[in-house]
Structures are given as C-alpha cells and as structure tokens.
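Undergrad: What follows is each chain in one-letter form.
There are 2 protein chains.
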Amino acid sequence: MELNTALEKLQSLQSKLSAYNHATSLIYLDGATYAPKGTASNRAKTLSVLSEESYMLSTSEETIEMLEYLDENKEKLSEKDKRIVFLALKDIKEMKKIPVEEYVAYQQLVVESEDAWHTAKENNDFESFRPYLEKVFEYQKRFAKYCAPEKHPYNYCLNNYEDGLTMEKCDAFFETLRTHLVPLIKKIANREQLSDKCLKGSFDDASQERFSIELMKIIGIDLNKCALATTEHPFTISLGSHHDVRITTNYDKENFASSMYSVIHEGGHALYDMNSDDDYAYTFLDGGVSMGIHESQSRFYENLLGRSRGFVEYVFPKLKECFPWQMKDYTSEDIYKAVNLVTPSLIRTEADEVTYCLHVMVRYELEKRIMSDELEVKDLPSEWNRLYKEYLGVDVPNDSEGVLQDSHWSGGGIGYFPSYALGSAYGAQILAKMKTSINVDECLKNGDFSTINEWNKNNIWKYGCLYKPGELLEKVLEADFDPMYYIEYLEEKYTKLYNIEE
Amino acid sequence: MELNTALEKLQSLQSKLSAYNHATSLIYLDGATYAPKGTASNRAKTLSVLSEESYMLSTSEETIEMLEYLDENKEKLSEKDKRIVFLALKDIKEMKKIPVEEYVAYQQLVVESEDAWHTAKENNDFESFRPYLEKVFEYQKRFAKYCAPEKHPYNYCLNNYEDGLTMEKCDAFFETLRTHLVPLIKKIANREQLSDKCLKGSFDDASQERFSIELMKIIGIDLNKCALATTEHPFTISLGSHHDVRITTNYDKENFASSMYSVIHEGGHALYDMNSDDDYAYTFLDGGVSMGIHESQSRFYENLLGRSRGFVEYVFPKLKECFPWQMKDYTSEDIYKAVNLVTPSLIRTEADEVTYCLHVMVRYELEKRIMSDELEVKDLPSEWNRLYKEYLGVDVPNDSEGVLQDSHWSGGGIGYFPSYALGSAYGAQILAKMKTSINVDECLKNGDFSTINEWNKNNIWKYGCLYKPGELLEKVLEADFDPMYYIEYLEEKYTKLYNIEE
Numbered sequence: 020m021e022l023n024t025a026l027e028k029l030q031s032l033q034s035k036l037s038a039y040n041h042a043t044s045l046i047y048l049d050g051a052t053y054a055p056k057g058t059a060s061n062r063a064k065t066l067s068v069l070s071e072e073s074y075m076l077s078t079s080e081e082t083i084e085m086l087e088y089l090d091e092n093k094e095k096l097s098e099k100d101k102r103i104v105f106l107a108l109k110d111i112k113e114m115k116k117i118p119v120e121e122y123v124a125y126q127q128l129v130v131e132s133e134d135a136w137h138t139a140k141e142n143n144d145f146e147s148f149r150p151y152l153e154k155v156f157e158y159q160k161r162f163a164k165y166c167a168p169e170k171h172p173y174n175y176c177l178n179n180y181e182d183g184l185t186m187e188k189c190d191a192f193f194e195t196l197r198t199h200l201v202p203l204i205k206k207i208a209n210r211e212q213l214s215d216k217c218l219k220g221s222f223d224d225a226s227q228e229r230f231s232i233e234l235m236k237i238i239g240i241d242l243n244k245c246a247l248a249t250t251e252h253p254f255t256i257s258l259g260s261h262h263d264v265r266i267t268t269n270y271d272k273e274n275f276a277s278s279m280y281s282v283i284h285e286g287g288h289a290l291y292d293m294n295s296d297d298d299y300a301y302t303f304l305d306g307g308v309s310m311g312i313h314e315s316q317s318r319f320y321e322n323l324l325g326r327s328r329g330f331v332e333y334v335f336p337k338l339k340e341c342f343p344w345q346m347k348d349y350t351s352e353d354i355y356k357a358v359n360l361v362t363p364s365l366i367r368t369e370a371d372e373v374t375y376c377l378h379v380m381v382r383y384e385l386e387k388r389i390m391s392d393e394l395e396v397k398d399l400p401s402e403w404n405r406l407y408k409e410y411l412g413v414d415v416p417n418d419s420e421g422v423l424q425d426s427h428w429s430g431g432g433i434g435y436f437p438s439y440a441l442g443s444a445y446g447a448q449i450l451a452k453m454k455t456s457i458n459v460d461e462c463l464k465n466g467d468f469s470t471i472n473e474w475n476k477n478n479i480w481k482y483g484c485l486y487k488p489g490e491l492l493e494k495v496l497e498a499d500f501d502p503m504y505y506i507e508y509l510e511e512k513y514t515k516l517y518n519i520e521e
Numbered sequence: 020m021e022l023n024t025a026l027e028k029l030q031s032l033q034s035k036l037s038a039y040n041h042a043t044s045l046i047y048l049d050g051a052t053y054a055p056k057g058t059a060s061n062r063a064k065t066l067s068v069l070s071e072e073s074y075m076l077s078t079s080e081e082t083i084e085m086l087e088y089l090d091e092n093k094e095k096l097s098e099k100d101k102r103i104v105f106l107a108l109k110d111i112k113e114m115k116k117i118p119v120e121e122y123v124a125y126q127q128l129v130v131e132s133e134d135a136w137h138t139a140k141e142n143n144d145f146e147s148f149r150p151y152l153e154k155v156f157e158y159q160k161r162f163a164k165y166c167a168p169e170k171h172p173y174n175y176c177l178n179n180y181e182d183g184l185t186m187e188k189c190d191a192f193f194e195t196l197r198t199h200l201v202p203l204i205k206k207i208a209n210r211e212q213l214s215d216k217c218l219k220g221s222f223d224d225a226s227q228e229r230f231s232i233e234l235m236k237i238i239g240i241d242l243n244k245c246a247l248a249t250t251e252h253p254f255t256i257s258l259g260s261h262h263d264v265r266i267t268t269n270y271d272k273e274n275f276a277s278s279m280y281s282v283i284h285e286g287g288h289a290l291y292d293m294n295s296d297d298d299y300a301y302t303f304l305d306g307g308v309s310m311g312i313h314e315s316q317s318r319f320y321e322n323l324l325g326r327s328r329g330f331v332e333y334v335f336p337k338l339k340e341c342f343p344w345q346m347k348d349y350t351s352e353d354i355y356k357a358v359n360l361v362t363p364s365l366i367r368t369e370a371d372e373v374t375y376c377l378h379v380m381v382r383y384e385l386e387k388r389i390m391s392d393e394l395e396v397k398d399l400p401s402e403w404n405r406l407y408k409e410y411l412g413v414d415v416p417n418d419s420e421g422v423l424q425d426s427h428w429s430g431g432g433i434g435y436f437p438s439y440a441l442g443s444a445y446g447a448q449i450l451a452k453m454k455t456s457i458n459v460d461e462c463l464k465n466g467d468f469s470t471i472n473e474w475n476k477n478n479i480w481k482y483g484c485l486y487k488p489g490e491l492l493e494k495v496l497e498a499d500f501d502p503m504y505y506i507e508y509l510e511e512k513y514t515k516l517y518n519i520e521e
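From first to last, the protein sequence lines are chains A and B. The first sequence stops at residue 521 when you use our numbering, and every number in between is there. The second sequence stops at residue 521 when you use our numbering, and every number in between is there.
Here chain A stands alone, though its shape is the one from the complex:
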C-alpha cells in the first residue's frame, strides 16, 4: 500500500463515520426533543441498521489493514494523523471484540431503555424500567469481559469516559472531597440560611427561552452554529462535526434558575465542542477529549463563572428585561446569594456547588457495587434512598426524584458520573491557572467572555482529542492535578458567603 492511498482511505473512513454520527446523533436528539411519543421502536430499528453499517465499516479487514499499515509507518505521519491512527485502532480493536449482533442489539436496547426511562420517571414506576436497566448493566458487564478482561469491569466503564481513570483514583479523590466538604457543609448548616425566594415565582416558557438565548449570546456561543431545544434531561450533542452543535434545557415554570444554569452548563459543553481546530472537523480528533475534561468546561461556566458575583451582576439587567414583574423587588445581590444557597437536596442537577459531589458519590458507589456484582438492580431504589439519607441527610419521597432522576444509566452511561466531580475539580485548578494571566473577575463584571473564551480555546478547546485527557490537563495546568484547588475554592467562597469564622 502507498502511504497516500492509506491516508486517503483514512480520510474517507472518517468522513463516513462522521456522517453516520450525524445521523445517529440527530435521531437521538429528535427522540429526546421533538419526536412523537410512540416512535421509539421506529428509531430503534433505524439505529440498529446504522450501527451495524458503521460497525461493519469500522471493523472491516480493509479498514484494519489500512490502520495497521499506517501504524507501522507512524514515524512518517504528522502528529495529527499519528494520534488519529492511534485512537482509531484502539477504538476499533475494542469494538471488534464485541460480537456484531450484541453490538447492534445494545444500540437498539438503549433507545428502548431511554424511552422506558422517560415513561417510568413520569409515572414514578421504577419497576417498568427495571428490566431495561438490568439488561443495560448485563451488557456493560459482558462488554467489559470482551474488551478488557484484565480489568475490573467498573474500571472498564470508567475508562470509557476518562482514559486512565480507576476505582482506586476515584476512591482517593472522593475521600479527599468528603474529608473537607462534610465539615464545611456542617459549618454552613449552623449559619443563618440564605434565601432563594427571588428565584421562585411564575416564569413562562417563552420568556425563559428568550433569557436562555440571551445567556447563550453572553457566554459567546455562535448562534449560527448552535441551537437550543427543550427536553426532559438537558444534554449537548454535536451533529457530525463541531460546525453544528445543539444544547437542550428544561424549563421549570416555578424557578427560572433551574434552566438558567442548565443552559450555561450545556453552553460550556457546546463552547468546548464548537471550538475544536477547524482542521479537525470530520476527523476522530473533533470535539472534546473526555467527559472529565468536558465537565471541567461545563461546570466551569455553570459554577466558577456563572455563580460568581461579577457574572450575576452583569446578567441581572437582562434578567430584569425578561422577567420584569418577577424581579421588581430584587437586587443582583439577592440573586447572587440565592444561586449559592447551600442545602442538602434531592436533585443532582439543581444541587449547590458544595453538596454537589455527594450526589455524585451516591451514584459512584451504586454503579461500582453493581458492576462488582455486590448489588442487584432491583435493590437500587432502596440503596439509593439509604445513601441519600446517609450522605445528604435527606429522605427521598419517590423514585422519580430519586433513582429515576438522571437519564444516564438508561442510555448506557455507566461510569459517567465521576466525570462531574472530577471535572469540577479540574475546573477549579484551571481557573487558578487562568487567573495568572487574565483578570477573570473583571471580565465577568464586564460580560467580557471573549477574553476568557480565547484563553480556553488556546489552551484547551482547539486541541480537540489531540492529547490524552491527562496530558492535556498537565499541559494547561503546568502542574499535576490537585483536588485541593477545588476544595480551597469552595472553602474560600462559602466561608465568605456564610460569614463563617475560621
């Protein structure tokens, strides 16, 4: 084979897989937003065909021969192509270990499982969802055995979202968080509580949508390449390349902050995806490198920036424009305090920064035990409720607000949750680094996101998947990852907010 021929074939493979990706992502987005209720099996049928086609294409002899040839000649490749070949070979070799029928059946399962989850959440009926969730976990265990028999099955899951992550690392990380955050939460609980009255009232969808679009503009999202839709559980998705990205939100008619912070969170994901180097479009390097790094960006915008005093001050006039009578008695300081109210609660996506990681730990603990065969899916609701009581001190009134609250497991996202906590901690250290060259507080006060985004683009976003997550993090931080940045950020911010004496 000629090197050029092989590179052309690689290009064509990437174009085709990007197109399949566009199609399957759009079908997923449609299912979660606009599709009529009774159409899941129609989508499942199409997705099983498309996933089989892309499996066959990826694992064909011709593809593997081409990739292995390029791998053998990697010293002749550019840094970009070298990384592409590495990623492709890794993914495809793993995919090939899964029998095609199981691969396809699993794609079909998750569509039906997500549909079942929607209905189950609506009806507070875990039992109707249980058979699907059992199958999802069974498949994950089987896939772990096929793909990484040498690893603990849960480490296989973790690695799907953060290359190199292990239970040991997670345990240590969560232990550090727990050691510092539990005392902080106790101290806060002993102080006078902040009020979130100003977030509550009556907020129609149209005004919330208008406010969402304002927020997208403020944080610097190009609306020519990104649109907003509504769904049950907010997410971000790229369609084929970083040239078309969609975010979703869910309007709480009684609390505008719920959607506000979903939009900023998903907006952070979108900014990361949309700002890959343009040369990476339609290649395996396009978009964010791992869920840990992804969440470092989404939770960076949501919390480190979005819940700062400067940002809330800047946004407040827009908020008053969209909700004039609801805001008439409040100041930006009221909003700032309200969106930083710390209180153990039921719903992860609406949790404050301090208790947030405890929500993640519940999920981590449960996933780990199921993947270790120490817990059965049927016992998930009772264990969920027990851990919420133990970690957060709250009683879970029903499964819809308990074990059914998140969409991740229904879609096969086992091992995803730790990324949220890790990402939050990465983000705090990234912020500290950013502050050595940018006056972030000043930018926020002035709504100057172009300076902040420029820094993120040059240091993180543009690289797409060129580096491993760990490498990228080291490159941007110029130091090892240290969760104490996150803890110190939380301690400093909330000690002030709650007037806690050291």
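Mixed in with the good hints, there may be bad ones.
Any copy will do: because identical chains look the same in the list, a pair fits if it lies in one copy or spans two.
[What the hints assert, rightly or not] Straight-line Cα separation of at most 20 Å, SDA-like style, residue types lysine to any residue; simulated pairs:
1. Lys-408 <-> Glu-194
2. Lys-160 <-> Glu-121
3. Lys-28 <-> Val-123
4. Lys-56 <-> Ile-232
5. Lys-28 <-> Val-119
6. Lys-347 <-> Ser-221
7. Lys-236 <-> Gly-57
8. Lys-476 <-> Lys-487
FYI, nobody ran anything at the bench for these hints, they're computed from the structure.
Chain B: place on chain A using the hints.
TA: Same frame as chain A, now just chain B:
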C-alpha cells in the same frame, strides 16, 4: 441462488434503505425547522456521504443480481413481493444510469440550493439564488438524458411524480380547466365580494399551535406517530416508515387561516402516509404511491372537506376557544364565506379553490419551457410576472412573493406542480365516489372523521405503492379519471356561494 436467500437479501436491502431514508429525511426536516442558520454545508457533507452509501448499496452487483433473479422467478412471488421487485428494479436501473459522482453532487447541491433559496426569499434577491437554480435545472436535463433519452426531458420530470404523466395529458387537462374556470372566475368577479375580515387580526403563535393540534386531532391523526413543527414552506415527511410522520406549518400572525389550511393539507398527506398497511413498513411499498394521489388526499382534506360548511361549523367552537376575543363578533357562517372567498392573488398556497389551478399553470408553463430549452433561468422572474398578469391579472410586487414563493424548485422538485392540480381533480371524483356509500356532509357536521378515514384507508391508503397510480385511481373510482367532476364541484359550490344565476 435460493428463492428464500434472495428474499432475505431483498428484506435486508429494504431495511437498510429505510434506515438511510430515515436519516436523510430527518436531516432535511431538521434543516427546514430547528437547525441553526449556518449549518447547511455541514448537512450537505453528511448527505453526500449517505447518498453515496445508499447509491452504492442499491446499484451493487449483488443487489442487481438478486433483483434480477427474483424478477426471473416472479411467478413464484406474492403480489406484494412481485411489485417490490418491479419497483426496485425500475428505480435502481434508472439510478445506475446516473454516474455516482453526479448523483452525490446533486444531493449536495439541493441542500445548498434550499439554503440559498431561504436567504434569497428573505432578502427578495433572486440573483443570489439563480446560480443554484440553474444548476438544478442543468442536472435535471442531464438526468433526463441519462435515464430516459427516448422521452422529452420534461416528461421525464413529470414521471418522477406521476407515473405515466405526459405534457400532452397535462396540456389537455389544463385546457379543460381553463375553458371552464376562466368564465367562472369572471362571473364571480362580477358579483358582490365576500369578506374575509374575520380571518384577520392578531394571532399569537402559541394559540395557533394549540389550534393546529386540535385540527390534527379532529381530522384523525394519531399524535403518537405524528408531530408538528414550524418552517418557512410547509411540507410532510415520513421518517423511515409510516410509523413516524411529521407535518410542518408556518404561522401568519395576522391571518389564522393560512396555517389552519396548511395543517389540514399536510394532515391529509400525513393520513395517507401513516395508513399504509402495517406489513408494508420498511419496504418499498410503504407510503403514498405518487404525488398526484398524494395531493388528491391533501387537497381533499384541505378543500373538499376543510372548506365545507359542515366542517367549518364543527370546528368553529374550537376556533373560538383558541381565539376568544378575535372571534367574538363572528359566526361560523362568516368563517365559511371568508375561507371560500375567490380572488386572483399572488400566493399559491393561500389561493382559493377556483383560482388555484391558474397558479399551477404558471409554474407548469415555465418548467416546461425551461426543460424544453425555450426559456432561461435568468428570465424566470420576468416571465413569472408576465404570466401572473396574463393568467390572474395581478401585478407581482417583488420576487419573494413571486418566483421565490415556493420551495419546490430549490429542492429539485421540477415536474411536481401539476400534481397539485391533478390531485385536486382526482379528489373531486373520489369525493363523488365516496358519497355513493357515505353521508359525507353528515360526517363533517358531526366531526366524524373516522368514517371518512376508514373509507379512504380501505380504498386508497392501505395499498401504499402496491398499484400504479393510474391503476389505484381506476380501482377506487371504478371509472376513468374525468376532470369534469372537479369542474362541476367548483361550479356548483361557487355558483351557490356567489348567488350566480345560471
């Protein structure tokens, strides 16, 4: 080859092509509804890959060998499989005559061309759209030469929408219409004009959407399998099978009837598509057989049913619920008269039943002349305006309301327009036939669409593409097609409405 093996291969081919269809249709729908403005080239890239994949799959030696084997053994096949093989061979042999590069480039062109049309229509800028439209016509001429060198190129176009249709038939049909309708229009013009004041006012999108959903329910659309979206130019599209169909509309804030009749029109298309025999899902027999028959259904619901006195009476209370203060001074009789006001106008989709076909004739004339090399695209706007003056007596104030008003040409729909007029005429004869066994007026007055839909399902819808359009029509009518049914329907209805003395 074994017969069973061949039939399995046929099944697999149909599943795959249905899946590609789902993907490409959804990408089209997304582009026309929710997608951000700057993403057309991203969609074009994906569509070019998917269309190449489906071209290669359809025209592969293996596929053709299988189809030819089945064709040689057709006496052993069921009626259904026989028709599937016939349709597949016909389409694929034709497709294979087009070089793959041109086939793919054309798919990409139409995405970009539709995007250019949107912008051109918005900006009243035909010149920016002209190069795209020129290319669309060039491709159509080239495809006609490849696929049907023995035919006039415009007959090739007509046949893409109505098997067996020719310019000769169209000319005769339109001449009949002209002979009878032009005198009717003149008589109406001499009578006192009806008022459409009651349709006009201020109608917010949310209330119009609520009313649209009511209309979909009334005409019997299963909302579990069909959803509504908004777009520039309303259309209906099936996603992979008749189990998921979408209709679109466009809300005129100053006239609720515009969207009302779009919804009923597209609803007619949707009913037809959604009621194919369930056995036909994921086969080439799924959905409507031709655009002529399709328009016979859409325009049947829109006009023959939707603009009847009985229907308007039945719908009026719902209309008042959705628009209470706008309707407070009006009666259902006011609405009935207003939606049947006859007046030569600019916009086809909003034209009354009597002048409608003149709008179609303008387009027919222009397409025919371009495909005959007797007119150039650059001269379309001036010729459009000249014919509107000649046929309808109206002055076209700008291209947005003139030659740019319809989306069809931008998407390659050359030869489509005659279907609207033909379908309208088919519909009138179908109605006459239906009335021999059903009391249609009584059904309309009672909002009983199940009886009407049942008749349509048993006589038309369930057959999908099992019969040729001409055969199906003959089967349902038990007579030859005769445009006089349509003319007599119009003469009777409008003579009464306008108190014209015979």
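Undergrad: All the hints need checking, so say for each whether the structure fits it.
TA: Now for the hints, and whether the structure bears them out:
Only within a single protomer do Lys-408 and Glu-194 lie at most 20 Å apart by alpha-carbon distance; the minimum there is 18 Å, versus 81 Å between protomers. Taking CA atoms no more than 20 Å apart as the test, Lys-160 paired with Glu-121 passes inside one copy only; the shortest distance there is 12 Å, against 47 Å between copies. Only between protomers do Lys-28 and Val-123 lie at most 20 Å apart by alpha-carbon distance; the minimum there is 18 Å, versus 25 Å within a single protomer. Only between protomers do Lys-56 and Ile-232 lie at most 20 Å apart by alpha-carbon distance; the minimum there is 15 Å, versus 27 Å within a single protomer.
In this homomeric assembly, Lys-28 and Val-119 come within 20 Å of each other (Cα to Cα) only across copies, at 18 Å, whereas the closest approach inside a single copy is 23 Å. In the homo-oligomer, the alpha carbons of Lys-347 and Ser-221 lie at most 20 Å apart inside one protomer (13 Å), although the nearest pairing across protomers, at 29 Å, exceeds that limit. For the identical chains of this complex, Lys-236 and Gly-57 are inter-copy neighbours only, at 16 Å across copies versus 35 Å inside a copy, given an alpha-carbon limit of 20 Å. Taking the shortest Cα distances, Lys-476 and Lys-487 sit within 20 Å of each other inside one copy (17 Å), while across copies they are farther apart (58 Å).
Violated hints are absent here; each numbered hint is respected by the structure.
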